[in-house]
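One letter stands for each residue in the lines below.
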Amino acid sequence: MRFLISLAWKNLSRYRKRTIITASAIAVGIGIYIFFDAWLLGAELDSERNLIWYETSSIRIMDSQYWEEQERLPLDRVVENPEVVIKMVEEMNIPAVPRIRFGGEVIFYKDPYEQDGGVPVQFIAIDPERDDRVFPMKQTLESGKYLKSGKMEIMIGSWFAEDIGAEVGYPLTIVTRTRDGFFQTIDVEIAGIINCPNPMINNGTIFIPMDVANNYLQMEGGVTEMDMSLPLQADVEKTAQHIEERLEEKGINNLVAKTWKDLAQDYLAIAVQKRAGSNIMLLLVFIIAAVGVSNTMLMAIYERVRELGMMRALGMKDSQIRIAFILEAGGIGFIGSVAGTIFGSLIVYLFSTLGIDYSWIFKNMNVGYRLTGVMYTVWNPEVVITAFIVGIVISMLIAYIPTRRALKMQITDCLRNE
Amino acid sequence: MSYFKALAYKIKQILGGIKMKKLFISIFIFFSPAAVLMGITPEEILERMLENQVHDTARIEGKMIIQDRFGKKTVTFVSWSRGEDNALIEFTSKYEAGQKILRNEDELYLYFPDAEEVIRLQGAALRQSVLGSDFSYEDMTGEKDLLDSYKVTLLGSEEVDGHDCYKLQLEAVSRNVPYPREILWVDKELFIYRKVHKFSLSGRLLKEMRITRFTRQNGKVIPVELLMEDKMKKNSSTEFIIQKIEIGIPIPEEKFSLRELTW
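From first to last, the protein sequence lines stand for chains A and B.
First residue of the first sequence: 1, per the numbering used here; consecutive thereafter.
First residue of the second sequence: 1, per the numbering used here; consecutive thereafter.
One or more of the hints may lead you astray.
With a straight-line cut-off of 27 Å between C-alpha atoms, the simulated BS3-like cross-links for lysine-lysine are [as the list claims (entries may be wrong)]:
no., chain 1, residue 1, chain 2, residue 2
1, B, K73, B, K244
2, B, K234, A, K110
3, A, K110, B, K233
4, B, K233, B, K188
5, A, K138, A, K261
6, A, K110, B, K72
7, A, K110, A, K151
8, B, K73, A, K110
9, A, K138, A, K151
10, B, K63, B, K244
11, B, K234, B, K63
12, B, K233, A, K151
13, B, K94, A, K110
14, B, K234, B, K72
15, B, K220, B, K151
16, B, K167, B, K195
17, B, K195, B, K244
18, A, K238, A, K258
Pairwise CB distance ranges, derived in the manner of DEER restraints [claimed, not checked]:
no., chain 1, residue 1, chain 2, residue 2, range
19, B, T262, A, D111, 49 to 55 Å
20, A, S143, B, R204, 24 to 30 Å
21, A, N195, B, E105, 47 to 53 Å
22, A, D187, B, R69, 19 to 25 Å
23, A, I280, B, T262, 40 to 46 Å
Note that these hints are calculated values from the structure, not bench results.
Fair warning: this is a prediction, and the values are worked out from it, not measured in the lab.
Using N, Cα and C, we set each Cβ at its ideal position, and we do this for glycine too.
Chain A extracted, bound-state conformation (with noise of 0.2 Å):
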């Protein structure tokens, strides 16, 4: 065996130029594999970071009416005493706000705006003093000032402030429902723009102080939701199915807690296909790599097939031949591997700084990401370790087939071969 070896490690440092050329090949590959998934999986976690921290939090209580007609917007199945419920989660530890979701439609003039329009958008109302102890908005302030309570003022996103040409300062009218549902019309001014990390805020929400909303909509106190923050990694189920339990304690029986992932289920319906596409992705760069490595493996064996049928011709046995041809084989996997992890390694380190802008395509495409721009990759050494084995062990599974075929042939066929 040692002999073997010594023999495969022989031939290719005295092949060197095939050696460097068929372990590029598998360098790149590595590499690029590394780099997909890093940058795919950057994308899912940012992703997900960006939905929870901007759109759905990480649990959300809720009218279970209100729940099951929630695509409505029903202003009638509301929350009627929401400081209650806050104070018994907020004993839990766990920072908790009120907010009123609705539908409406804004209402533009030429002057100041380039046109007359009317677009349908969602308003959320929010207690300016109190929100960002769960939804990180303020953070993203653009221009302008953030909300106070009692102003006839909104803030929009930065996307949905270019296309219809709003700045700060201009005036909007709202047409929406009252609780009851009654037409009514508020007539605001924008305070401030932000540029949110998450497009469907960006592109056509609108908040506005829970105070004005409370009064023009009749709401009378009630909220439509509390929205409540935990940490990423925080078991949101058990929390949630521990808050509800303590609602029945507290003979509030109407009420659901409800987990990001309850919210956001056409989110997650969405992940999961592009998860299975960027399996697909992955599984294409792969097959180009094994590919690529396949076919300078095949070169590099069949261009020997003198050399074996000598070595044959020695009384070197089948069995040792296809061994070192394996093992040269696997030290070119190897080769390509490290060099591979390096390469995947520095790009991933690369981009994990500086991303990657895509706003451009996010912008005018829904991708169903909840991102506006700058992607970058994620560091997973799970799939760095697993490439880097599947290169060595791929290498060695090709190198076997031609090795297979030209044992077959007769020596002095293998002598003649050209």
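Go by the hints and put chain B onto chain A.
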């Protein structure tokens, strides 16, 4: 108080012998708009107007011309109705062909032939626009309860396009109506509304509806062309045109059944 006493004394002196109580009643009646308008109550005006709009049975062929900032779209339909409670509308235009709306009392059902599915509309879903027009599904259910849902006040008399009209104000007493306040100009002679203004809770004019043409049939004055304009948006209107109307024709009860909807 002394001022009124002095005034009463003066009037008594002038008119000589007319009893004070009778005088005050006369003054009140003189300044009351209802009296000016020949003693008819606002509720009666509204009832007479609704009589022209509700038929025992009716079959209508018509179209809606919907205009928004993207352009104009024409939707044709055939409808059958029985009294205030039952109506079936079937759309016949190319892109909407086979879509149906069934109203049975306060229940509204939609049928989409492509999906072969019947959807019951309720709650917030009733607020959706009918095929992108300025009419919502709740506009189709609301009118029959007008007198139950609104307090009617006669504001006076005004001319609309040269027609003398009663000016009625409707203020919502029920919370299940979309518009908290409406002003109707009802033709004094024909008892059809010439113009309707619909306001938001803040008092902003949202929609204006005008009758531009009517016809007479079976002793009734039936509006056949009306225009609904969204006053919040420029270039947003819906023209509702009745091309053919037959009233008092026999319509089987099954026409308004859920089974008929899926046929």
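Right, here's what the structure says about each hint:
1. Distance restraint check for K73 (chain B) and K244 (chain B): the Cα-Cα separation of roughly 20 Å lies within the 27 Å cut-off, and the hinted pair is therefore satisfied.
2. Restraint check for K234 (chain B) and K110 (chain A): the C-alpha separation of about 10 Å stays at or below 27 Å, so the hint holds.
3. Taking the CA atoms of K110 (chain A) and K233 (chain B), the gap is about 11 Å. The hint holds against a cut of 27 Å.
4. With a C-alpha separation of about 31 Å, the suggested pair K233 (chain B) and K188 (chain B) falls outside the 27 Å cut-off, and the hint is violated.
5. About 24 Å separates the Cα atoms of K138 (chain A) and K261 (chain A), which keeps this hinted pair within 27 Å; it holds.
6. Among the hinted pairs, K110 (chain A) with K72 (chain B) is consistent with the structure: their alpha-carbon atoms are about 22 Å apart, no more than 27 Å.
7. For the given pair, K110 (chain A) sits about 24 Å from K151 (chain A) by alpha-carbon distance, which is consistent with the 27 Å threshold.
8. A distance of roughly 25 Å separates the Cα atoms of K73 (chain B) and K110 (chain A); the hinted pair therefore holds under the 27 Å criterion.
9. At roughly 17 Å between alpha-carbon atoms, K138 (chain A) and K151 (chain A) fall within 27 Å of each other, so this suggested pair holds.
10. Of the pairs offered as hints, the one joining K63 (chain B) and K244 (chain B) holds, with about 10 Å between alpha carbons and a cut-off of 27 Å not exceeded.
11. For the suggested pair K234 (chain B) and K63 (chain B), the alpha carbons sit about 22 Å apart, so the restraint of at most 27 Å is met.
12. For a cut-off of 27 Å, the pair hint linking K233 (chain B) to K151 (chain A) stands: about 25 Å separates their Cα positions.
13. At roughly 35 Å between alpha-carbon atoms, K94 (chain B) and K110 (chain A) are farther apart than 27 Å, so this suggested pair is violated.
14. Proximity of K234 (chain B) to K72 (chain B) is assessed by CA-CA distance (about 14 Å); at most 27 Å being required, the pair is judged to hold.
15. About 26 Å separates the Cα atoms of K220 (chain B) and K151 (chain B), which keeps this hinted pair within 27 Å; it holds.
16. Pair hint K167 (chain B) plus K195 (chain B) holds up; C-alpha atoms about 10 Å apart against a cutoff of 27 Å.
17. A distance of roughly 23 Å separates the Cα atoms of K195 (chain B) and K244 (chain B); the hinted pair therefore holds under the 27 Å criterion.
18. A hinted pair counts as satisfied when its Cα atoms are at most 27 Å apart, and K238 (chain A) with K258 (chain A) qualifies at roughly 11 Å.
19. In this structure the hint that T262 (chain B) and D111 (chain A) lie 49 to 55 Å apart at CB holds, the actual value being about 51 Å.
20. The beta-carbon spacing between S143 (chain A) and R204 (chain B), approximately 29 Å, falls within the hinted interval of 24 to 30 Å.
21. Range check, N195 (chain A) to E105 (chain B): Cβ separation about 51 Å, and the 47 to 53 Å hint holds.
22. Look at D187 (chain A) against R69 (chain B): about 21 Å separates their beta carbons, and that is inside 19 to 25 Å.
23. At about 41 Å, the CB distance of I280 (chain A) to T262 (chain B) agrees with the hint of 40 to 46 Å.
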